[in-house]
Each structure stands twice: as structure tokens, then as C-alpha cells.
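Undergrad: Chains as they are written, first to last, in my numbering: chain A, 289 to 593; chain C, 76 to 385; chain E, 504 to 774.
Please note that a few of the clues may not be correct.
To be verified - Some chain C residues well away from chain E (every beta-carbon gap over 12 Å; in silico):
#1 V148
#2 A193
#3 L256
#4 F302
What the hints assert, rightly or not - Now the in silico label distances, taken between C-beta atoms and shown as ranges:
#5 L87(C) x L550(E): 20 to 28 Å
#6 W632(E) x A149(C): 32 to 40 Å
#7 A99(C) x R434(A): 50 to 58 Å
#8 R507(E) x A147(C): 52 to 60 Å
Since the hints were derived computationally from the structure, they do not count as laboratory data.
Ideal placement from N, C-alpha and C gives every residue a C-beta, glycine not left out.
Each chain, written out:
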Amino acid sequence: MAAVLSVRGLHVAYPDGTRALRGIDLDLADGECLALVGESGSGKSTLMRALLSLLPKGSRVTGSAVVDDGDEAVQAVGAGRAALRRLRGGLLGHVAQDPHAAADPLWGVGRHLREAWRARGIRPPAGAAEKRAEAVGIGDAKARLRQYPHQWSGGMLQRAHIAGAGVHGPLITLADEPTSALDAGLAATTLAVLREDARALLLVCHDLRHVAAVADRVAVLYAGRVVEIGAGVLERPRHPYTRALVAATPRPGHGLPVELPGTPPDGRREITGCAFAPRCGVAEKACRTEDPALAEGVACPVVRR
Amino acid sequence: MTAVLKRLAAALAVLATAGALVWALMLLSPVDPARQILLAQGDPAPAPSQVDATRHELGLDRSYPEQYARWAVAALHGDFGTSWRTGDPVAAELAGRLPATIRLTLVALGFSAVAALALAVFGLERPGGPADLLSRGLVFGGSALPVFAVGVVILEFVVVGAGVGRVVADGTWPGAVLPALPLALGIGAEWARVLRGGLRDALGAPHSETARARGAGRLRILARHGFPHAAAPFLTVAAMSAGGLLAGAAVVETLFTWPGVGRLLITSIDAGDLPVVQAIVLLGVLAFLGADLLAEGLSALIDPRLREKR
Amino acid sequence: MRNRSLHIGAWLLVAIALTAVAAPLLLPDPDRVDYAAELAAPGAGHLLGTDQLGRDLAARLASGARTTLGSVGAVWLVSVAVGLFAGTVSALAGRIGHEVVARIVDVALALPQTVVALAVAGAIGPGMWQLVLAMSATAWAPTARLAHTYVHAARDRPDVTAARMAGIGTVRAMAAHVLPAASARVVVLATLGVGQLILSLAALSFLGLGAQPPTAEWGRMLADSRHDVIAAPWLIIAPTAAVFLAVTSVSLIADGARERVDLGSRTWPRF
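Chain A on its own, in the form it takes in the complex (with noise of 0.2 Å):
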């Protein structure tokens, strides 16, 4: 199966200087869903943000993120107006993290749906908002459309974000943490209707035990870069990083959670050597001068041998 995704050495800068994304290499299987895992700060929502190229004007962007349906292959870095209009809304669905803080106040939820036919031009075919609010779990369509989002709870009106993400039947949905901002018990069920309904699904979230459930790959950032990607990395971590990850979410009949001292490093500073270093239990010397690449799934040579 080809890569519908493909983004190969994406930097991005802040219009401020700070390196948010240090060379980003990943791979997108049709239908797959790759989940992101990482501390904030670790670049998870720049690379969605820059996908969509919504970052903040100012800010520089190099490498190459290649959308492919098969037919057509978009280059999502530097896309132009004709590039975007495919991407936003088409190719690429986007669902946000805050369910109430996405949805406009003043606009009723239906009409919110209706925004995804409208915002590409598009007239919505009659009935088609109440489909998709049907197909995502959400009963009484009709009726409840009506209402505003102050009026739904958080879950379902992240259904309703899920609903319209989904309209144009994305290659790609981007999930930037959308149970964040939800009750635990709504976290779980809210995936599973949003991995239903996506097609290929890239997963930004910090809860690990979600991620285990939902997730075919999972990519582990740190400081900008992959330090490890692969199946069954949560279940079997090798990187220094993603041990320590795992070993601080809590776990029943794992013991306690073990802290991981130190802080992200700064991204406005230039960084050599493995950016993780300060912080790993197995670093060497030439860890702190060379740059790990990315290797067989893992970005630590220590941990190759």
C-alpha cells in the first residue's frame, strides 16, 4: 500500500526563532492510524498545524510533507492557494482539541456542519448535515442541530467536529488531542466513533492507554524529531525517551510512576548532538556530539547495539 502521507526532513521556526520541528521523517499508510506521542513542546501540534499550514505568519518552513490519493500528490509545505484548497476540508480533515472552544458560540451546531460544505463553496445537499450527525452516533439529528454548542455536552459536540472533519471523506483526519478536553469515560468512546469514521488517521495524544487502543503505529517525538516509530513501540520501548514515557504513566499493578527529572530542551537554542541526552540514563559522549538518525524505528545508536 503507498504512503498517503510522506514527510521527509520537515523543519519548522516560529516566527520568534523557536525550532519547533527538527527534521521530521514519518510514513502514513492508507487506513492506518499513527498516533503522536510526546511531552508539549515535543512539535505534535506544529506538525498538524503545519500540514494544514495554518502556523503563525513569519514562520519558516523547509522539507516536504507529499499528500497522494493515488491519483494526485499535493505538497502540503509552501502549498499555494490551489494546494490548499485541496488539502483544507478535502484531502486532510482536521478536528480540534477543545470541542466548545472550536465551535463558533454564536452559530447553531447544525450550522457549524453545514460550514464544511459552505467553507468550500459548496451548497449542502438537504438532509447531508443530519447524515453525518447520524453517522457519527449523535440521535435525534434534526432536532438537536438546532441547538447551540453551549447546549451539547463536550462529547457529543466532539462528535459534531468529528461529523464535519469527516464531510468530504478525508484521506487523512488530523486529531490534535481531541479527548484532552474531555471526561475520561467520554475519552474512549469518542475515539472509537472518531477512528470509525476516519479513514487514514493521524492521532495526537498524551494519554498512552488510549493511544495502545486506537493506534496501528505510534511515533514518538521528542524535541522536534521522531525518536522512535513502529507497532508495538508502547508495548516493547527501546529509546531511553519512550521507556521513560512509559514508565511515568501510571498503570495498575505497575507500581507508582516513575517522574522523568530534567525539562525539554529550548527551542530557540541551536541543539548538538542527541537532543535527549541531558536527560537519558544510557547516554555516552558521542551522543552529546553526534546527531542520532533515524534507524530501524529508533533514533539512538546506544540503543541499537
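Knowing the structure of chain A, use the given hints to seat chains C and E on it.
TA: Okay, now just chains C and E, sitting in the frame of chain A:
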């Protein structure tokens, strides 16, 4: 619906109280209204009996609450008494001047709206960029400049100095353009400030980002997401500027000798002509309350969350 | 313009205040008339020139600063003190106490500040202190409402409730936990209104309703020198600049302070 009626009832109660306070100003004045009117009507030395007769006519010998009631009822019918300066009915004087002020105000508000829109949108593309900083600086500076200074500059340098426009204003629409400029400065800066802030907040909000992610163009987002959100704080501030309009108009009209209600107010204050002052002040309060109610109503229309709070 | 605003504004205000206070020591008498030196351009002897009666402009500006700062300060003080008091009483008193204060606040809020000033001037005649009185009559209302909202909400706050449950009386609990923050908010709100207040007072003085001659006041100075402006433009530039700087300094302070103190979204839209 009951919420609306309750609101109206509250507004009327406030208006009545304000009216009472305005009327009570009379008590502060050392002037004897009866004597004053007789003097104004041409009698240089009114006889005490005449003064008493006029006092009785005006109802000044009754109790205070009764006097207020009579005044209020008359005011409701549009009768604001007699001017102490000219001896003519106040209502007639007001009616003669009101159209000119309305013209001036409308022109000024129009200019303000245009300026506010322009400054709010300018620099929106790139927050923090040069255009954004420039518009912010202009807005900041504009709200610190006194209206009368700008008016004097325009009057002395443009009208008198360069000969543009007329020195003696005639109260017509074209004549309103120059006097409206300083008035629009004060209001426009305030409006621009709120609109700028509102737009920037709305466009930076997550719901705007979602719309962009769905493929919406910048113009669409500005129109559908930006302005409706910016409208609510804007309406609040716009209603407040209605309160300052009278004073602003007073300054500008006095400066440009515009035949409006503002200038009449100042003339009346200088002459100690209380009935006219009371009438105009009451009008000012009424306009302010009306603007406030209108703004609240429009806000509730735009924002569904406001409808349920009541 | 983060908290640079606060600092720049504060320094500017201090500069203005210092000029106002130090002026009598360094500059000539602002009321001294000198027909020989009428409308003199800025130069030796007169830092900013003279006005139409030969009075030193710089000295008059400084004197005007004293007038403005004094009147505005008085209104500000009333706004803070009365507002805080009324709002707190309203929030802590029973239903009746609240209703009474709330109705009075409603009326005060319905009366536009400048309109009231005009009305009072019409009734008892012009004068700076009359204006201050008139403006104070309405200035305390917004702060009272803010204080009420904050204190009222704070009554049920966990830390206040905990204090009360521990046996500390309601008033003491509020005083310790709530009053400082309430005062801060009230002060910021009051300061936000000062810029407009300066402009209003200057405008009213311009119309002849404020400071009476020979008291120096910026707006009045502009009115008096109106006709000589083409020959002596500094007569307009100086007072205008003074008003502009005063308003800017206060606005910067208020804006900077607002970043730190949350007033709630509906109170004042940001720059």
C-alpha cells in the same frame, strides 16, 4: 418576552429617577424663575404682584412633588416650559435646532464607522507586523487627542486660513463635513479600539482556526466569524459613546458656530437658562438610555448565550 | 506593549507630576501679566513663549498640570473609595441593602458623565470644583458595580468559606481574603476612566465651564488663545501636547495594569 418587558420597565424607572434629578437642579439655582421669565419677555422691572401672578401660573407655589409631577407630565407632552433667556417656549427652540445637530451627528458617526472599520482591518493579516503596529498607534494616539484642539486647528487653519468651507455654519449636510471631523476623531478612535481588539480576538480564537482548517477563505472568516464576535463589545462601547455625544457636539458646535442643540446648551448654561438646560439634558439622558437598550437588544440577537442568561 | 506600557506610562506621569510641583521654583509666575512681551515666540526668558497677555506659557502649562492632576485625582479618589465601599456594602448587606445600592448605581450609570457636568454647570454656574463634584457623582458607579460583582462572587469561594468555618467572622474573612484583590480591580477600573476624564474636563474648560480665569487649565488656555493661533502656533501646540501626554501616560498605565488584573470580559475591551 417577559425579560424584555422587565428590562423596559427598569429603563423607564431609571428615566423617571433621572428626570427627577434633572428637575431637582432647579432647586439648586438661586434664580427666581418667575422674575426671570418676565425679564426675558421684555419687562425691565417686573412688579412684585406680576411676579407673584407668574409664580402662581407656573405652579411654583405648590409643593415640590407636585411641581415635579406637573413638570414631568408636561415634558411627556413635549412641553418643557419657557426659556428664561428668550421668553419663548423651550420646545420650539429645541425643535428648531435639533435637525442641525442630528445632521452633524450622523455625518460624524458615519465618518467614525468608516475610520473604525479601516483601522480595525488594517494590519489584521499579520498580527504584530508593521501595519498592525501602525494602526494600533494611530488608534492610541487618536484617543488621546482632544476634540477641541483638532477642531481649532481645522477651524483656524483650514477654514479661516485656507478659506475652505464656510466660517459661519449653516447647518446643512455639506456644511457638516468639516465640523464632523473632530467629533468623529474622538468617537472613531474609541470604536476602532474596540473593533480592533474584538476582531483580533475572534480571528485568533480556535473556532476561526477550525473554519480555516475546513477550507474557509480569510474573507469568509472575517465576515462570518470575525465581525459577529467583534460586534458585541463594539455595541457596548458604541452605546457608551452616545453618552458623550452631547458634550462633543457642544464643543464642536460652539467652535464652528453650528446652529444646533449643543451650542444652544452652552449658550443657555452661560445665560443661566435652566429650563432649556433641563430639556436638553433630559434629551441627552434619553438618547443614552435608548442607545443602551438598543445595544443590549442587538447583542442578544447576535449572541444566543445572552438570551438565556436573563 | 506588554508591561513596558505600565513602566513608560508611570514614568511619564511622574514626569508630568514633577513638572507641576517643581515649576513654581524654576519657572516665572504663571499669572504675571506682561503686556510688553505678548505672544513672544519660544526663546530666552520664556521657555515656551508667552500667551496673549504676556504670561509665561511653560509656567501656565505647569500650573494647568496642577489643576488637571488635582481635579482628576479627586474624582479618581472618589471613584475608588466610594465605589469600593458601596460595592462591598451592597454585596454583604442583606437583600434590602443590595437593592437600595443597586438601584442608585443603576441611575448613576444611566446618566452620562459629561451630561451631568453640563447640567450642574447650568444649575449652579461654572467652576472647576463644581465639575469635579458633578463628575464624582457618576464616577463611583462603575467601580461600585465591579466591587459588588467581585465581592459577591467571593462570598462563596472555598478559601473564604474555609475561613468562616474556622470561626473567623465574615467581615474579617472578607477583609483578609477578598478586599486586597477587590481593591486592585477597582483601582484599575478607575484608572481606565481617567484618560477620558482628562479629556472631558479639558473640553468643558474649553467651553468656559471649568476653570475660571485667571486659573490656568489646558483646555481653557486653548480657548483663550484660539484667535491668535495662526500668528503664534505654539499656543496651541503646547496645551494640546500637554493633554495628549497626560492622557497617554494614564492610558498606558491603565492598559499595562489591566494585563495583570483580570476585570472580566465585559468590562473593558482591550487595545
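Undergrad: Does each hint fit the structure? Answer for all of them.
TA: The hints, checked one at a time:
1. V148: holds (21 Å)
2. A193: Non-interface label stands for A193(C): nearest chain E Cβ at 17 Å, farther than 12 Å.
3. L256: holds (16 Å)
4. F302: The claim holds: F302(C) sits with its nearest Cβ about 14 Å from chain E, beyond 12 Å.
5. L87(C) x L550(E): 20 to 28 Å: Given range 20 to 28 Å: violated, Cβ gap about 56 Å.
6. W632(E) x A149(C): 32 to 40 Å: holds (33 Å)
7. A99(C) x R434(A): 50 to 58 Å: Holds: the Cβ-Cβ distance is about 51 Å, inside 50 to 58 Å.
8. R507(E) x A147(C): 52 to 60 Å: holds (53 Å)
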